[in-house]
Structure formats: structure tokens, C-alpha cells
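Participant: Spelled out, the chains give:
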Amino acid sequence: MTPEHGNGRTLRARDPVAADHLAGAPEQAATPVPSVPAGWDRSADLTKPPATIPDPAQVEVPEDLRREIEEHMAKYPDRRSAALPALAAAQRVHGWCSPEAIAQVAAVMRVTPAYLSSVVTFYDMLNSEPVGRHYVYVCTSVSCHLRNAQALADAMKAALEPGDDINVREFECLGACDMAPMCDVDGRYIGPVDPSEAPDVIAAVREGRTPLPGRGLGDDGFHLPWEQES
Amino acid sequence: MADQTRVLLDDIDEPGLHTIEVYERLGGYQALRKALTTMEPDEIVAELQASGLRGRGGAGFSMGQKASFMPKGTMDKYLCCNADESEPGTFKDRLLMQKNPHRLIEGIVIAAVAAGANRAFIYIRGEYVLQADILNAAVAEARARGYVGANILGSGHDVDLVVHRGAGAYICGEETALLDSLEGKRGNPRLKPPFPANQGLFRGPTLINNVETLSNVPIVIAKGAEWFKQRGTEKSTGTKVVSVSGNVQRPGNYEIELGIPAREIVYGLAGGPPPGRKVKCWFPGGSSAPVLLEEDLDRPYSFESMAEAGSMLGSGAIIVVDDSVPIVSLALRVARFYRHESCGKCVPCREGTNWTVKMLERIDRGEATPMDIEILDQVQQNIMGNCLCVLGDSMAMPVRSMIAKFKDEFIAHNERAREAADRLAVGAGLSSEPVDAAA
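Going down the list, the protein sequences come from chains A and B.
Residue numbers for the first sequence follow the working numbering, so the first one is 1 and each next one is one higher.
Residue numbers for the second sequence follow the working numbering, so the first one is 1 and each next one is one higher.
Calculated directly from the structure, the hints in this document are not laboratory data.
Treat the hints with care, since some could be wrong.
With the C-beta cut set under 8 Å, the calculated list includes, among others, these residues of chain B facing chain A [as the list claims (entries may be wrong)]:
#, residue
1, 91
2, 128
3, 162
4, 169
5, 182
6, 183
7, 246
8, 251
9, 287
10, 340
Lysine to aspartate or glutamate pairs mimicking DMTMM-like chemistry, simulated, CA-CA at most 25 Å apart [claimed, not checked]:
#, chain 1, residue 1, chain 2, residue 2
11, A, 75, B, 76
12, B, 358, B, 408
13, B, 72, A, 78
14, B, 185, A, 78
15, B, 185, A, 55
16, B, 192, A, 78
17, B, 345, A, 129
18, B, 235, B, 10
19, B, 99, B, 13
20, B, 358, A, 41
Derived list of chain A stretches under chain B, where covered just means 3 residues or more per stretch with a C-beta under 8 Å from a C-beta of chain B [as the list claims (entries may be wrong)]:
#, stretch
21, 83-93
22, 122-134
23, 142-152
Even for Gly, the Cβ is constructed at its ideal location relative to N, Cα and C.
Put together the whole structure using the sequences plus the hints.
Facilitator: Given below as C-alpha cells:
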């Protein structure tokens, strides 16, 4: 036993409840809860038989979606390889990977809904809960973190208004550390973005405009502030 | 100001380089023609081996040697281009795919022919929407000109190429997790052996290479192994696109000859930290590389020299951290990334990344004991080498190096936070310590 263990004061500090008490304000000491798969706390209904491959005659699939999934399946030696592109396509139609979306993909791909659910819950860009149709991913990984990304993420969240159809979330490295701090708005990378510009970005997404024109990677003449214009 | 050595990025500013017309005008697809009309597959592999080209994705394994592991015979063989660039600090493949997609396609077709693979895939991370669109358009152009598809340039070789988009998972950049993901499953790494060269995608022999590695292939074939070897050092041949980010004045991609002093990259090319700031530490190869100190900037930037210094060149991403950044916040930020991205298959990684974050948060709040810092270090040791892949190691290595090099700062941070918390508790009347009765 080390002296630390014999010290009642230190022991108390190691106890999370006492620690919150010592810190004064519990919400200050609160740490973000790690992400867990959706529905982990809901038990399965064991009285129902497990879902099997849906009967194609029973599931109505939008014609465009069916065609897109079938095209993806044709590209691979094994049709299951199309799971990611097929779920991404269904998510574009339904807004998220809802049970209905998964049933439609399962019916076309001839796989079980459970198999597709296992895939959906693994990948960050597939949503297993309803979210806004537009997305704003703010990169908060190490390079962006060093350039004040947390302030940008907080400003984006603060700029949201009730009823906005926008999914703002902190995202792990988006591979644009040269643009830090940056965000990915519906697939378009913009940066560097100052936190004061966040309300502007959110308003543009809300109104269907292009946020910060000319500041997106791939925009005509795009260059970083310290690069010479070519 | 230091100069870049531009080989891969030679024409990168040429307008319209992503179209096949411009790429062909600048000599594009001549290497493919040379490889298919004047060389046998074995000769291509030999040339790649002679060039000393090492994998640019992180491990730095000889590309030619990897290709030589592919078994002979007529079974279905595959080539996967790893374009899942997700290592924090790395953004070179993004540039190469966006600006020069045809050089990558040319390299893929040459490497596929050398490895006897007739199906190739580019696994690109889902967030790279612009780059995936550019690649899809480029593949269609290359197919229309007969550079991709059946009987390429009348040589009898078939190479089909599909761009496959991921959906946001760092682990899918690990080669066996990439294969599972490409098969339509959760991206969990596989036990090795069997190595992908024996049993990979759809259980067939598979060659997996990074975007930058494959983009170098047309250069090696067009100009020859001898020309390629003239650049770089004996064991790190050629040039490298280095992504510099963090606390520097000019973050960006710079192409350098391997072996130049790291200081020339950080200060000469990227402008060094903001005025009045000093380099506290730097990651030489993405966030999974152990950090090095200011004095290590004088070392040559090469695979062997970074290994000697106790770190690694990795994917060639330099992240510079200046002296305004508390080391605990840096360690915490790095550890949180790996906690989020751990696939959960192996216990040491799944639990180790979680515990590391919790312990670092305790230090940040001033609730840790001096022994906790020792335990934190032991947790890292228990992760390393005990999992199917190196994701856990990727957190353990930098966190361990930070503890080793900045131990006093960890202890001082904890002490300061504890004192601050105590003051707050007394002020709020929540402390069990006696409070002034007059309050």
C-alpha cells in the first residue's frame, strides 16, 4: 500500500461522486459519455421470431433506389459488398437508416435486416437514429484542436435554431488539417472557418445557399490564406 | 526558404490535370504503355523492388517485395488501393486524388498487371465526396480510352477498376479491416496470418497499397529504378509528400527528398510556429507516432532516422505543437480519437483506450494520484502488441512518449487542477473543510 492509499482525502477524491462534490458544480466535472450503439439499452423481444430476408413482394422499394442498389451489386464478385453504397443510397432517400430503409435494402440485396443493422451501427456516416437532412461535421481531431476547433464546434451548435433540419456534430479527422479549423457541409469542405462565421454557415444551410462561397475545397481559385493565388 | 523537390507534385498546379486530355498531353499513360508492351509482369516487380520504393501508408514496407509475395497461377487475384486516409494530420492522398487522379489509375493498372490481379478497387473514405466524384469521372475516361477494362492496349491483360466509398471509420484504413469493409461487413481487422497476399479480399490473394505508393509506380516505370533511387537516402528512396499541420504558419502538403533535416520542413517550408512561440513537441508521422522534441528537428527526415529517434515516419504527417498547448489536453485529444475509432474486437484496445481517456480526464480535473501516472503508463504497455491490429498501439505509443518526456507537467497539471477545485469547493460552501462561520 502506498501512502496515497492510506490518505483518506485522496481516496475520497478518487471516488467520482465525491469528486463532483469537491469540484463544486457537477455539470462542470461531467465528461461526455462514450458513444454507444443505439438501442443498446432496449432488450430484444424474444417472443418474436428473428427477422428473415424480407419477401420482395411484401416490401415496396422506390424504383430509383432499387435500380441504384442493383447497379452497385453488379460491380462486385459478391453482392454483399454493395452494403455500404446501398445503405448510403437508402439514407439519402429516407434521411437516416430507418427500419423501413433497412427493410428496403434487405429486400433488394437478399440479406437479413440484422446483417445491415450491424453494418449501420459501425460506421459514423450511417445514422441509426433520425437526424437532420443536412450535415455539418466539425473536425475536432488533433490538428484542428490545435487551431481552436472546439470553439468552432461550439459556435456551430449555438447557431442552431429549433426546427433546423441540420445535423451538427463533432467529427474525427476529416483529412483537411491544412484547412484547420474546418468543417464538412454536406460533402463540401470549407476552411479555415472562424467561429464568428458559424451563424453565417448555419444560415446558409438553412436557406439552401452555398456557405462561404469560394472558400470550399474544389471551388474555383480556392487557396489557403497563406498560399499565393495561382 | 527551403525548396521542395517536386516529382509526384510536378504538374500539380496545371489547370485541368484531372482530365485525361491534359494528363496525356503531359506524357500520361506512357508508363503503362511501356510496362504492357515491353515488360513482363516479373520485370515490373523486379523494377519496383530495385527502386527501393517503400509503402507510403505508414508501415514503410518495400512495395516491390510485397508485390512479389503474390502467388502465381490463374486464381482470382485482387488489388486494393487504400485511399481511406484517416490518420490525424494526413491529407496528402486527398491532394493526389483530387488533382492527379489519372496518375493513380495508371499506377493501379501497372501494379495490378505486375501482381496478376484482374480486379482492382479504390477504397476511398466516405467523407472524400469531391475526390470520389473526380476519381469516378477519371476511371470512366480511362475506360473509354482502353486503359482500364478488358485487353488493355491489346496486351491481353484485363484490369477492372471500381471506386468503393467507405462510410466513416478510421479502422478501415487498416488493411484487413479494409477488406472486411469492402466485403460489405463491419470493418473489423482479421487475424494475420494468413496475410492478404495469400488470402485477402473474397479469400483471394490481394495486394494492398496506399495512394501515394501507387502514384509513384508510373514514375518508377517511366524513368527507371536508378533514376528514382537518386533521390532520398539509401534506405528511404524517392520523394515524399509531407503533410504539415498544427501550430505552423503555413500548413500544407510539401514534397521533399527523404533525408533532409526535419527543421527545413517545419521552419523552412511550413514557416514554423506563430511569432513568439516555440516548438514544444512534434509528431513526425501522424498522431500515432511517438512525439519528438525541438532538438530532434535537426535529425534527417527519413524512415530509418525517425525509427532511431524512437518514433516513426508513418504516413509522413508532421503535426507541430507549440509551447502554448498543455500536454494533458494534447494527450487527451489524441486518446479520445482512438477511443472513438477502436472497433471493439480486441479487449486491450477497447478497454485500454477507454481507461486511458478516463485517467487523463482525472489528471485534467486534478483527481489523480502520482501512482495513477504510473498505472497510465502500464496500461499503455499492456495494450501494445496484444491486439489483432495496431490501433491500440497507435494511441499507446504517443501517450507513452508524452508521459516519458513531460512527466513533470502531468504531475504539475494535476496539482494545479486539484488546488483550483479545492478553492472552488470552499467558495461554494460545498467542502467538508471548515468554512468561515460568518459567511
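Participant: Each hint needs a verdict: does it hold in this structure or not?
Facilitator: We went through each hint and held it up to the structure:
The restraint placing residue 91(B) at the interface with chain A holds, with a minimum CB-CB distance near 5 Å, inside the 8 Å limit. Because the smallest distance between the Cβ of residue 128(B) and any Cβ of chain A comes to about 7 Å, under 8 Å, the interface hint for this residue holds. Given hint, residue 162(B) at the interface with chain A, holds; its Cβ is 5 Å from that chain's nearest Cβ, closer than 8 Å. Nearest Cβ of chain A to the Cβ of residue 169(B): about 5 Å, under the 8 Å cut. The hint holds.
Interface restraint check for residue 182(B): the shortest CB-CB distance to chain A comes to about 6 Å, inside 8 Å, so the restraint holds. Evaluation of the residue 183(B) hint against chain A yields a held restraint, the C-beta minimum of about 6 Å falling below 8 Å. A cut of 8 Å between beta carbons decides the hint on residue 246(B): the least distance to chain A is about 5 Å, and the hint holds. About 4 Å separates the beta-carbon of residue 251(B) from the nearest beta-carbon of chain A, less than 8 Å, and the hint is met.
For residue 287(B), the suggested interface contact is upheld, since its CB lies about 5 Å from the closest CB of chain A, less than 8 Å. Below 8 Å, beta-carbon pairs count as interface contacts, and residue 340(B) has one with chain A at about 6 Å; its hint therefore holds. Among the hinted pairs, residue 75(A) with residue 76(B) is consistent with the structure: their alpha-carbon atoms are about 15 Å apart, no more than 25 Å. With a C-alpha separation of about 20 Å, the suggested pair residue 358(B) and residue 408(B) falls inside the 25 Å cut-off, and the hint holds.
About 23 Å separates the Cα atoms of residue 72(B) and residue 78(A), which keeps this hinted pair within 25 Å; it holds. Distance restraint check for residue 185(B) and residue 78(A): the Cα-Cα separation of roughly 12 Å lies within the 25 Å cut-off, and the hinted pair is therefore satisfied. Of the supplied pair hints, the one linking residue 185(B) and residue 55(A) holds, its CA atoms being roughly 22 Å apart against a limit of 25 Å. Distance hint between residue 192(B) and residue 78(A) is fulfilled; the C-alpha atoms sit about 23 Å from each other, no more than 25 Å.
Distance check on the hinted pair: residue 345(B) and residue 129(A) sit about 23 Å apart at the alpha-carbon level, within 25 Å; holds. Distance restraint check for residue 235(B) and residue 10(B): the Cα-Cα separation of roughly 23 Å lies within the 25 Å cut-off, and the hinted pair is therefore satisfied. Among the hinted pairs, residue 99(B) with residue 13(B) is consistent with the structure: their alpha-carbon atoms are about 8 Å apart, no more than 25 Å. With a CA separation close to 22 Å, the supplied pair residue 358(B) and residue 41(A) stays within the 25 Å bound.
Interface restraint, the stretch 83-93 of chain A with chain B: holds (5 residues with C-beta to C-beta distance below 8 Å; minimum three). For the stretch 122-134 of chain A, the proposed coverage by chain B is satisfied: 5 residues have a C-beta within less than 8 Å of a C-beta in that chain, meeting the threshold of three. With 5 residues having a beta carbon nearer than 8 Å to a beta carbon of chain B, the stretch 142-152 of chain A meets the requirement of three or more and the stated coverage holds.
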